[in-house]
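Colleague: Each chain is listed here by its residues.
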Amino acid sequence: MTGTRVIRPTKSSSTGVSAIASFFRAREIPVAGALIALIIVTALVNPRFLSPQSVKDLMLNATIVIILAVGQALVIITRNVDLSIGSILGLVAFGTGTLFDIAPGMPIPLVFLIGMVFGAALGAINGALVTAAKVPALVITLGTMYIFRGVLTSWAGSKQYFSGDNPPEFGALSVDTFFGVPIITLVALVVVIAVGMFMHAVRSGRDLYAIGSDPDAARLFGISVSRRVLSAFMASGALTGLAGVLYTSRYNSVGALTGTGLELDVVAAVVVGGVAISGGTGTVVGAAIGAILLSTITSSLTATRVDKFWQQAIVGVLILSAIIIDRIVSARTARKLRVNEARDV
Amino acid sequence: MSETVTSAALKPRSGWTKVLTSNDAIIWYALIIVVVVASFTVRYFASPLTVGFLLIQIIPILLIAMPMALVIISSEIDLSVASIAGLTSAVMGVLWRDSGWDIGTVIFVSVLVGVVCGAFNGFLITTLGLPSLAVTIGTLALFRGLALVVIGDQKVANFPKELNAFVLSKIGSTGIPVVMIFVVLVIAIFAVILHFTPFGRGLYALGFSKEAASFVGIHVGRSKFWLFVGTGVVSSIVGVFLTLRLASAGPDNGTGMELSVIAAVLLGGVSIFGGKGSIPGVVGGVLLIGTLTYALRLAKVPETALIIVTGSLLVISVVAPSITAWASEKIRLSRIRKVVRGQTAAGTTTA
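Top to bottom, those sequences are chains E and P. Oh and the first sequence: position 182 is 182 in this note's numbering, straight run, nothing missing. Counting the second sequence from 1 gives a position; this note's numbering is that position plus 1000.
Calculated from the structure, these hints are not laboratory results. Where a beta carbon is used, it is the ideal one built from N, C-alpha and C, also for glycine. A few of these clues could be false.
To be verified - Below, simulated DSSO-like cross-link-like pairs (lysine-lysine); rule was C-alpha separation at most 27 Å, straight line: (1) E/Lys-134 / P/Lys-1300; (2) E/Lys-159 / P/Lys-1300; (3) P/Lys-1155 / E/Lys-308; (4) E/Lys-134 / P/Lys-1330; (5) P/Lys-1330 / P/Lys-1276; (6) P/Lys-1210 / E/Lys-336.
As the list claims (entries may be wrong) - Here's a subset of chain P near chain E, in silico, CB distances under 8 Å, partners left out: (7) Val-1042; (8) Ala-1134; (9) Val-1135; (10) Ile-1137; (11) Gly-1138; (12) Leu-1140; (13) Ala-1141; (14) Leu-1148; (15) Ser-1173; (16) Ile-1176; (17) Ala-1263; (18) Ser-1312; (19) Val-1318.
Said to hold, decoys possible - With beta-carbon atoms standing in for the labels, derived distance ranges: (20) E/Arg-219 / P/Ser-1214: 23 to 33 Å; (21) E/Lys-308 / P/Phe-1199: 37 to 47 Å; (22) P/Ser-1322 / E/Thr-304: 35 to 45 Å; (23) P/Pro-1321 / E/Val-329: 35 to 45 Å; (24) E/Trp-310 / P/Ser-1214: 38 to 48 Å; (25) E/Ala-217 / P/Val-1339: 47 to 57 Å.
Can you build the whole structure from these sequences, using the hints too?
Modeller: So this is what it looks like as C-alpha cells:
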C-alpha cells in the first residue's frame, strides 16, 4: 500500500491535465499557501515588513535552517532521524573559527570543503552505528548528540570565536547581496535545487523513498539498504557541516553552546513541510518551505507586535496540523489505491 | 541484594541463575561496582550527604521514567514530558499569585494540567492514529509555548516556606529525603501495574505486535490512551515537585529533561522496539546514570566529560544487545551447520 505511493508522482505527471491536478494536490501547496498568507497578513498590519532590509533579514534568518532541513529531510525520508545535527553544527562552526585562528590566510572554499568533510565524517559515525547495530536512529543520534556536544565543550571550554576574528571576506558572505539576495541564501537555494533534483530524478534518490516506505520490500527489490542509509546520514552530515560554516559567517560568536536545541526546530520544520516522520513521502522543497515558514513566524510576531511568547505555541500547533493533514492525505490515497486495485481485478 | 529478591519475585518461573544473569541484574551489578569504586576512590562520596543530594537530584527523572518505561514497552514514545512539567509549573505559579486559593487547591488544579495534556496526546495518538514521535514533538513545542503564554518570562517565588522545607527534609539522619517514601510508592504502583496486572502484560503484547494484541482481546486504543494520561499526571507531579524544590515557578522548569529520562529508561534495559523491559531494570538505569554522574562530579571531572559519559552509556546500552545477539546467532548457526553436516555424513555412509 505504502509502496505504491512511491511510484505515484512519476506516473501522474505523464499527462498534462493530471500534472496540473497533481500540482494542486502536492503536499507543499498548503505549506506554501500558509507562508504566503502569513507574509500578506503581516505586511498589511505592518508595511515595513516588506522593506528591503527586513526581507534581507528574513532570508538570512531562514538560510541556515533551510540547509539543515534539507539534510534532515533526506534522513527522515529513509524512516530515520538525526537528532545530533545541533551538536554537529556546533562542532563544525567552532572548527571553522579555529581554522581561521590557526591559519588566517586559508582560502575560503577550502574552509567550506573541510567543514563539509568534517560534518560528513560525523554523519558517517551516526550512519555506521545505525546500520551496523540495526537500532532506531532516534536512540543512536540521541546518544551521539550528547557525545558530540561533550567533545565540543571539552574542546572549546569557555573559548569563543567572534566574527571579528574571521577574515572580512568570510563575514561579507552573509552581508553582501546579489540582486537583493544575500550570498549565503543563494548557497541555500542551490542546495535545495540540487538535492531536490537528485531526490526526484536520480535512481539512488528514489531508492531513499523506497527504503522509507518499506525497508524489507526495498531489500527484496535489491536495494542495498544499509549503504543508502549510511550515505543519507553522510549527506545530512555534510549539509550540516555547510550550515555550520555559514553559521560562523552569519553570527557574531561561536562557542561550546552553538547549535544547542536546534535539532527539534529542524525536525519540526521538516514535518511542517510535509515530510512524514514515518518515512517514504515528502520532498526537500517542502522541507525548505517548512523551514522558511517557521523562521518567518518569529519575525511576523515581532512585526505585528503579537506577544512573542506565543511563538513556540504556534510552532507546536503548526506541527500538529501538519501531521493531521498528512494523515488525512495518506488515508485518502490509500482509499483511492484500493478502489483502483479493485477495478483492475 | 534486596533487589535481586524483588526481581526474583517478579519472575516466579525463572530460576535463580536466570535472575542473576539477566539484563536487569547486569545493570545492578554495574551500579554496585560504581558505588564501591566511588566510595574508595572519590573523597566525600561515602557519606549520608551523598544519598540526600543524589536522590533529590534524580527524583524527577526517576518518577517520569516509570510511565515512560510503560510507554516505550508498548512501542510508543512521549517527548512532551518535560514541557508538561514546565506548563504545570507555570500554571501553579500564576494560580498561586493571582487566584488566592490555598496551596492544596493550587497543587490539585496544577496536576489536572497533566491529565488534560496527557489526554490530548492520547487523543491524537489513539483516536486519530498519528505517530507518537511526531505528535509529542509537536506537543513538546506547544506545551512549552503555552507555559510561556501563561507566565511570560516572570518567576513566582513566594511559595510557603514550610513546603519548600518539607520537600528538602530528610528522614532522620539517614539523608534520605522524606519525598522518597512517595517516590517508592509510585515505583511500586507502576511495578505492580506492569508486572502483575493483565493491563501491564498486555503492554508487552502491544509492543510486540499491535495486530496480535488486538486479536487476543487487548483494547489497544484504550490502553495507550491511559498510558499517555498516566505520563501526563506523573509529569505534572514532577512539575509541582520541581517548583517546590526550587521554590520558583517559571516557564523553563525541566527543560531538556525528556532526553535524560529516555536515556535512563533505555539504559535500564527497555527495548526501543517495545515489548521488552522491566521496572527494576529502569530503576537501576536511573540510579546508575545518576550515581555515576554524581561521583564523577565529586571527583572534579569537568561537566563536559559527563555529557560524553551519558551519551556513550546510551549508545553502548543499545548497541551491545545487538552485538551479543549477532554473536550468539552466529554461534547457533555454526552449531546447526556442524550437526547438519554430521547428519548428512552419517546419511551417506548408511546409504
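Colleague: For every hint, state whether the structure bears it out.
Modeller: Quick rundown of the hints versus the structure:
no.	hint	verdict
1	E/Lys-134 / P/Lys-1300	36 Å, violated
2	E/Lys-159 / P/Lys-1300	20 Å, holds
3	P/Lys-1155 / E/Lys-308	17 Å, holds
4	E/Lys-134 / P/Lys-1330	16 Å, holds
5	P/Lys-1330 / P/Lys-1276	22 Å, holds
6	P/Lys-1210 / E/Lys-336	25 Å, holds
7	Val-1042	20 Å, violated
8	Ala-1134	4 Å, holds
9	Val-1135	6 Å, holds
10	Ile-1137	6 Å, holds
11	Gly-1138	4 Å, holds
12	Leu-1140	7 Å, holds
13	Ala-1141	4 Å, holds
14	Leu-1148	4 Å, holds
15	Ser-1173	37 Å, violated
16	Ile-1176	29 Å, violated
17	Ala-1263	7 Å, holds
18	Ser-1312	6 Å, holds
19	Val-1318	5 Å, holds
20	E/Arg-219 / P/Ser-1214: 23 to 33 Å	28 Å, holds
21	E/Lys-308 / P/Phe-1199: 37 to 47 Å	44 Å, holds
22	P/Ser-1322 / E/Thr-304: 35 to 45 Å	51 Å, violated
23	P/Pro-1321 / E/Val-329: 35 to 45 Å	37 Å, holds
24	E/Trp-310 / P/Ser-1214: 38 to 48 Å	40 Å, holds
25	E/Ala-217 / P/Val-1339: 47 to 57 Å	34 Å, violated
Hint compliance for this structure: hints 1, 7, 15, 16, 22, 25 are broken, all remaining hints hold.
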